[in-house]
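Number of protein chains: 2
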Amino acid sequence: MQRFAWSLWLSVVVPLRFKTAAELWKVHKCTQCIMLIQNYGTLCSPHGDAHHNSSSIDFCLAAVYVSDAQFNRNIFFDTSPQAVSLYLLYNHWAMQMIVYVFIFVDLALALFEDPAVIPMPIWGTSLVEMICLIVFTARLFHYAKVIPRIRFWKDPKNICIIVIILLSLIDIIIYGSLKSTGYNAVRWSRVLRPLLLVNVTEGRQLRRAFRSIRNALPQILYVFFLFMFSMLLFSLMALKLFGKRNLFTVDGEPYFTNFLDIVFDLYVLVTTANSPDVMMPAYNYNSFFALFFILYILINTYIFMSVFLAVVYNNYKKHLKEEVRQLVKSKRQKMLRAFAVLQQPGSGEELVVSQENWNQLVHLVQPDISNAHRELLWSISDDCNKSHIGKLAFVQLPDLLNIQVITMKSRPHPLHIWFPLLYDSSVSRLLRHAVKHKAFVYIYDLIILVNAIFIGLDEENPLIAYAEWAFLALYLLEILLKLYTWEPRAFFAKHQFWNWFDSVIIVAALVGAIVNLCIKSSDGYTSRQILDIVLILRVLRLIRVVDSIKRFRTIINTLIKIGPTILTFGQLILVVYYIFAMVGMELFKEKVKYLEADSTDPYKDSCGTPLLRGTTFAKNNYCKNNFNNVVSSFILLLELTVVNQWHDILSASAVSHVSARLFFVFFHIVVVIIIINIFVAFILEAFFVEYTVEKSDLQTSLEKKIEELELSVDNEHDNNLVDDMETNENDMGPSENAKGKPSLMFKIASKRYKTVDGLLQRMFEADLSLEDADDMDDPNFSNITFDSV
Amino acid sequence: MQRFAWSLWLSVVVPLRFKTAAELWKVHKCTQCIMLIQNYGTLCSPHGDAHHNSSSIDFCLAAVYVSDAQFNRNIFFDTSPQAVSLYLLYNHWAMQMIVYVFIFVDLALALFEDPAVIPMPIWGTSLVEMICLIVFTARLFHYAKVIPRIRFWKDPKNICIIVIILLSLIDIIIYGSLKSTGYNAVRWSRVLRPLLLVNVTEGRQLRRAFRSIRNALPQILYVFFLFMFSMLLFSLMALKLFGKRNLFTVDGEPYFTNFLDIVFDLYVLVTTANSPDVMMPAYNYNSFFALFFILYILINTYIFMSVFLAVVYNNYKKHLKEEVRQLVKSKRQKMLRAFAVLQQPGSGEELVVSQENWNQLVHLVQPDISNAHRELLWSISDDCNKSHIGKLAFVQLPDLLNIQVITMKSRPHPLHIWFPLLYDSSVSRLLRHAVKHKAFVYIYDLIILVNAIFIGLDEENPLIAYAEWAFLALYLLEILLKLYTWEPRAFFAKHQFWNWFDSVIIVAALVGAIVNLCIKSSDGYTSRQILDIVLILRVLRLIRVVDSIKRFRTIINTLIKIGPTILTFGQLILVVYYIFAMVGMELFKEKVKYLEADSTDPYKDSCGTPLLRGTTFAKNNYCKNNFNNVVSSFILLLELTVVNQWHDILSASAVSHVSARLFFVFFHIVVVIIIINIFVAFILEAFFVEYTVEKSDLQTSLEKKIEELELSVDNEHDNNLVDDMETNENDMGPSENAKGKPSLMFKIASKRYKTVDGLLQRMFEADLSLEDADDMDDPNFSNITFDSV
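Line order of the protein sequences matches chains D and E. Position 283, counted from 1, in the first sequence is what the working numbering calls 283; the numbers after and before it change by one each time, with no gaps. Position 220, counted from 1, in the second sequence is what the working numbering calls 220; the numbers after and before it change by one each time, with no gaps.
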C-alpha cells in the first residue's frame, strides 16, 4: 500500500508545479524526515527514551503535532515512524486537492448523465465514476494505514464513505444492466454523491455546520410545531369564515373551500409569495376580512419567522461554542504531546523546551517564516530571556504561528538603483510626491465617476468610443505612475488586493478592447461575447471608488473577512441543492418543456403540455424553470430559495405529480427556514464580533513586543498602500533607508484570520478564556495526554 | 390655572369610576396630601429644615420621587407644594387616559374627513379637532405649571406640541375658508397629528424608539450607500449586457433598455417581489445570464440585507443600552433626592431612614401592597435588623416595588363552608382528586382534538350540529368541575389567563349558539354575522391545547412577555403608517376606483380608469388596493410592508403620478429596511435574554428571604393552576390549612415585568451592574443630587 501511495504521489503530485520555493523546501524537508524515519525508525522511535536528546524523528513528530494544532486537524494517527510518514503525505495539499478535484468531477457527472445538459454515453459516465470511486477508495486505504485499525472502524465518516462507494458501485451495475436490456432505471445513488463532501477528512467545517444544524433541530421543531398549529387554526377559521360565502378567485376557482388547499395557501402566505392575491377575494367581499389576513401575517410571518431566526441563531451559536471549546481542548492536547516529545529537564522540577529545539521545530513546521519573525515569536514566548520555555508558553505556539505578522522590508526602487540621478531629480521627486498626495486619489475618483457616465451613454456613438480609449490610457497612466513611485514588488505584494484588482482589470480591458478592434477591422462586425466581456470589465473598474472611501472599506473588509466561512455555507447549500436537484430530476424531468420560438409543437405556448394551458406559469414564460437538467434544476431551486412566485413554479410540477407540494414545502423548510437563517445568523454574529471584540491577548502581546523593539510600522505616516503590504519572502534584500528607520519592520495583520477556526475561536474567545485556564491546571487532562504519547 | 385643573379633574375624572378600592384610597390619600400642602405649604416646605422631623409634605414629596423612579418618569417638577400637588394630578391615570383618548379621536378624524370612509361635514370634523386641540393645550398648560418655566421652554417636545397645535389651527382656518369659497385645498396638517403620540409626556417608550433609530441612521446610511452603489453598478452592467439584445418582457415591452427603469427593477428584485419574472427574458435568451441575477441576489438580497439587520440590530442595542443607563442613573438620582427628604442622622456619620418612615413612604407610594409584603420588602432592605436603612438599601426601593411578589392566601372553598359534610364526603374527595389528576387534562385535550375534526366537517349536517351542543356541554362541565375543586376566587384570580380565556370563550360560545338558535327558530334563517362569531369562538377554543404542552407554553410565555414592547412598535408603525397614509391620500386619491360587480362604469374591469386596462393590477382584481380612504390606505401600506407584488400595486399609482415610485421606494426603505429590522432585532434580543439571563440579583435576594421565612410556595406540589395564582387584596381572610402550611404564601412572578423599562434594564443588566456601583461612590454625583433638592 505504501508503495502504491508513493507511486501515486510521484505520478500525480510531482507533475503539478510546487506553489512556491518555500513549499518545495517543505516537501524536501518532509521527504528527508521520512527517509530518516525509514532508516532509523526502530532505533529512535518516540516510545523510547528520547526525551533528553531529541532526534530528527522526534522533531518530525512534534512538527506534525504542532501543524495539526495549527490547522485544527483531529486525526489520531499512529505514532510509528511509518504511519507518521504516511500521515505527512496524507496531509499534503496536493493529495487533498486530488480528492476535491475527483469529488467535483463526480458531482459534475450530473451534467452528462441522463437528463443531461451535454449527453454522454452511459459507459462513459460510468467509467469516469468508477475512476472517481477508485480514487476515493485509495484515499480511504491510505487513511486506514495512518490511524489505528480500531479507530478507523469506529469513525462513522469512514463507514459512510465505504457505504457510499459500495452503493454507487451497485447502482452502476444495476443501472447499466437494466439499461442495456432496455428497461427503465433510476440512478438513485446520485443523491449520495454530495455526502462525500461532508464525510471526507477535509470537510471539517462542513461537518461542524451539519452537526450544529442537527443539534439545533429539536428546538427548531418545537417552534415549528407551534407554528403549524397556529397555521392549522387559522386555516380552520378561514374554512368556516369564507368556505360558505361562494367567493371565487381571479381564476374563477372556488375560494377557500377545501381544507388542505387552505392550509397550503396559508403556508404560501407565510412566505409572502401570494401576498395580496390570496386576500383579495375576501377583502373585496368585505373590508373587515382584511383583519384576518393582517393578524395572520403579523403572527405567522413576522413573529414566528423572527422566532425561528432567534431559535436557530441561539442554538447554532451555543453548539458552535461547544464545538470550538472541544477544538481548543484538543489543540492543547496535541501541543502537550508535542511538548512531551521535545521536553528536557530544566532548572528545578519544571520540564522545558530549549530555544534551539524550538527554533528547529518552527523551522520544520513553517519553513517559509523569516528568521526575524521567528526570533520575534521566541521573544514573546520566552518572556524572561531564559532561553528555554515551559509548557504554558510552548502551548501558545500554534496561536502565535496563526497570527499573521507582516514582515516589511524597505527596498529601494529598481529605477533608483539603475538611474539614481534621474530618479532623485527634483522633477521626479515632485512627481512621486504628487502621486502620493491625496488629491491624486480624488482626481482619479472623479475620472471614474465621469467614466461611469460615459459608460451609461450609448457606446456606438464614435465620440464615446474614443473617450473609452482615453479613459483606458488614463488608467494605464495611473498604474505606471504608481509603479514609478512605489517599489514594484511592494506594489504587487501578495495581499495588495486593490492593486492587483486594478491592474488585472485594466490590462484585461486593454487586451479585450484591442482584440475587439482587430476583429472589427478584419471581419467588419463585432463579436458579441468579447464585447460583453469588455463592457463588464469597464463597469467593474468603477468598483475602485469603494477603496477610497474609508467607511465603505471597513464594511467591505468585514465582508471579505467572513468570505471563507461563506464558502462553507456555499458547500452546505451545494450539498442540499444537489440532493434536491437529483430527487427533483427523477420526479419531474420532462414534465415541462422549454421550446424555442421557432418550435412547431402545438403546445408551444404552454410549455409543451396541454395541462399548463392558460396557467400563470405559462403566461409568465416560466417554461425554462424546470427539472430537465442539472443546470436548470439548480436555477429553479435558487428561485425557490428566493421564494417569490414559488407557488406558481410549483403548480407546473404539481399538474403531473401530487407529491410535488410535499417536495417543494420540504425544500422550503430545509433551505429557507433552517439554512438561510443560519446564514443570516452567521453574518450577524460576524458583524457583532467585528463591532465589539478587540484584538486577542496574544496579538496584543505580540504588538507590544514589536513596539518595544521599535520595529512597528507607523500607521500615521504610511498610507494605505503600505497598510496592506505583506511580503513573505525569506531572503534579506540590501537594506537602505532614508529616514533612519530599521530596514525590517513588522506589522500585525490583525484583521485577517488564517483559518476559519481562528475567526470562530475569536468569536467565543471571551467565554473560552476562563475555561482554558482551568484546563491547563487539570491534572487528569495532562495525564491522559502523557499516557497516550 | 390650578382652579381650572381642579374643576377639570372634578368634572372629568370623578364621573369615571375608580378602578379598585385601592385606587380610590390612593386618590383619597393624595387629596389629603394636597390639602395638607395647601394649608401648611409655606410652613413645612421641603426647603426648610425638615430633615429631622419628616412632615406629611415631605412624605408626599418623597413618595412622588419614589413613584417617579419606579415608573421611570423624568419630569423635573417644581418642589413647591403647589407644583407637587399639580404634579400628582398630572400623573393621575385618568388624566393620561384623557389625553390618549383625545389623541386617538384626533387620529380617527381621518375616517370622517375627505376622502372619508363615513363622510361628515367639514364644520363637524373641524369642531371635534378644535376640542382635541383645546384638550392638548390645557394639558400643556398644566405641564407648564408643574415644571420650572425655563425647563418648559428648553424642552423640544413642548415646542413641538405648541407648533403642532398652531399649525393645525392655521390649517383648519385656511382649509375652512378656502372650501367655503369653493377652492380646492389640502389638509396638510394631518401629517402632524401622529407626532402628538411621540411628543406627549407619556410617549417615553416611543420617543426612545425614535431616538434609537435616529442615532442608528448614520451607520445605516453608509451601508445603504454602499448597497446603492452596488445596485447602480449592476444596473449599468445590465444595461450594457441586455440593452442591445432586443429582448422583450412578457408584456411585450423592451427589456432593460432604460437605465432608470433597470435601477428600479433591480431595486424591486432586492425585495424579491419580481423574482423570476425579471430574470426570465435574459434566462430564456441564454442560460448563462442567470449567473448575473444569481450573483445580484446573493450580494444584494442575502448579504446586504443581512448586513442591514446586523447594523440596525447592533446600533439599536448600543443606543438603547446608553438610554437605559441614563434611565438607571436618573432613577438613582430621584431616590437620592427622596432619601435627602427623609434622612435622619443614624449611628455614626451615616444618614439613615427609619423603618417607620419607610413604612409610611411605601404605604403612600403603593397603597395596595399588603402588610406582609411590605414587611418582606423591609426585611430585605434592612439586612442586619437595625430598624433603619442607609442610602444604598433605600435606593433599591423602586426595584423592589417593581418585582411582582404574588401574595397567596389559602382560602377554604365556599362549598366547604356552606356544606362541609357534603364537600368532604368521599365521593366529593374522589371527584376533586380526579379533576386534579393529569388524566383529566389529557381527556380534555383529546376531546378538543375530536372537536377540531368535527369543526372541520360541514356544520349543516344535523348530526354535527348536535355534536356541537355536546361539546359545549362538556366544556361547561369542565369549568364547573374545576370551580368545584378550586376556590372560585383563586380560579378567577387576576392573572389566571387560561382560566379566564376558557370561561370567556365558552360562555360567549354558549350565548352565541343560543342567540343563533333563537333567531333561526323565529326568523327561519341564520344570521351570518352571529354564525361567524360562533364559528370563530369554536376554533379559538382549540388554542387551549397549547397550554397543556410545556414546550409550547414556554415559547408562548416569552411571546406574551415581549407583548408590551411589541405595542411600542405598534405605535411606531402607527405613526409611520399614518404619515404615509395622509401623504398617499393627498397624492393618489381617486386615481384607482373599486367598483362593485353591478356597476355600469365602462372601465369596470380596469378599476375605473382606461389607463389600467389590461395591466396585472386590474387582472388580479387589485382595484381595492387604493388610497381612497384611511382604511384602504392602511391595508395597502400593510401589503407594501409584506413587500410581495408591491411593484404591481405601485404601477397603478404610477400611471397617473411619476412621483409614485419615489413615494413607494421611500416607504420601503423606512418601513422594511429600518423598522421591520428593528422589530426583528428586538424579538431576537428578547429571546436571547430569555435563553441566557438568570433572575436579577434583587429577585434572588428576595427569593432567598422568602425561602428563609418558609413562606415560599412549593412548586413541586402545586400544579400550574396555583402556579399562576395572584391575589392582590389587602384584607386577610380566615386562615385555615390542612397541610399545616402558613396561610399566607409568597411567590415571585419572576417571569413578568411590570414595565417595559424593566425588561430593557434586565436586557442590559450584565453590562450595567458594574457601572452602577461606580455611580454610587461618585461624590460629584451625590453633590449634584443634594444641591438640587
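Any given hint could be a false lead.
[Said to hold, decoys possible] Straight line, CA to CA, 20 Å or less: simulated PhoX-like cross-link-like pairs of lysine-lysine:
(1) E:K520 - D:K520
(2) E:K317 - D:K244
(3) D:K240 - E:K520
(4) E:K317 - D:K317
Just so you know, these hints were derived from the structure itself, not from any lab.
Hints and how they fare:
1. E:K520 - D:K520: With a Cα-Cα distance of about 86 Å, the restraint between E:K520 and D:K520 is violated, given a limit of 20 Å.
2. E:K317 - D:K244: Between E:K317 and D:K244 the Cα gap is close to 49 Å, so the pair fails against 20 Å, i.e. violated.
3. D:K240 - E:K520: holds (18 Å)
4. E:K317 - D:K317: With Cα atoms ~19 Å apart, E:K317 and D:K317 stay inside 20 Å; holds.
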